[in-house]
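Engineer: Could you put together the complete structure from these sequences and hints?
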Amino acid sequence: GAGVSQSPSNKVTEKGKDVELRCDPISGHTALYWYRQSLGQGLEFLIYFQGNSAPDKSGLPSDRFSAERTGGSVSTLTIQRTQQEDSAVYLCASSLTRPATDTQYFGPGTRLTVL
Amino acid sequence: ILNVEQSPQSLHVQEGDSTNFTCSFPSSNFYALHWYRWETAKSPEALFVMTLNGDEKKKGRISATLNTKEGYSYLYIKGSQPEDSATYLCAFFYTDKLIFGTGTRLQVFP
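Chains as they are written, first to last, in this note's numbering: chain V, 1 to 115; chain Y, 116 to 225.
Don't take each hint at face value.
[As the list claims (entries may be wrong)] Every beta carbon over 12 angstroms from chain V, so not counted as near; a handful from chain Y, in silico:
hint, residue
1, S143
2, K157
3, S158
4, G186
5, T217
6, Q222
[Claimed, not checked] Cut-off 25 angstroms, straight-line C-alpha distance, at most; resulting in silico cross-link-like pairs (SDA-like, lysine to any residue):
hint, chain 1, residue 1, chain 2, residue 2
7, Y, K212, V, R98
8, V, K57, Y, A161
9, Y, K157, V, R64
10, Y, K157, V, E85
11, Y, K212, V, R64
12, Y, K212, V, S27
13, Y, K157, Y, K184
14, Y, K174, V, G3
The hints are simulated quantities; they were obtained by calculation from the structure and are not laboratory data. Idealized CB from N, CA, C, for every residue including glycine.
Structural biologist: So this is what it looks like as structure tokens:
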């Protein structure tokens, strides 16, 4: 079946502009996560959605970052007033239910470059 | 701050060599440890989810062990092949999220 998809695959933007990154999880997966990997760093947790519960936003680095998940499916990560330090690969993952023991399936990522 | 450490940071081996790397994590409040393989230009791919102390998992030439009391997991690759070249990530489950290590970058030369 279809895996996790993300769009765009690459995004180049100017400092100060807003960007939106999209994630389509695997159908039926209730859990959805956003991560990012900056140059030379590990995968950093950003936000977690589980069903209709309030999301865990504890990993968002600043209030310029926000995310929503509509209808329990597609998610959009928005970065306002982008800064150069936002340049990274942004990965989305989904899992069937709880993240503890369920495998997370990752999308191909969006490479964001802020000039 | 929760720390998940992986070593070595990078590794270069010849085809046919066996190799192993380490993931260290907090030994208290253990719930699960995940291993992923991340090839360049591809998505991270799940290898194992480990939950019990003493767990041993195997997938082809790759296997992993888990020691939750001392807080470490080993990943072994037997008879490395060039297609094993990738970054191997471990991730510790903590309060509904995975905390990832920085990975071990493996390069296998023919």
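Engineer: Could you tell me which of the hints above the structure violates, numbers in ascending order?
Structural biologist: Checked against the structure, the hints that fail are numbers 2, 3, 5, 9 and 13, while the rest are satisfied.
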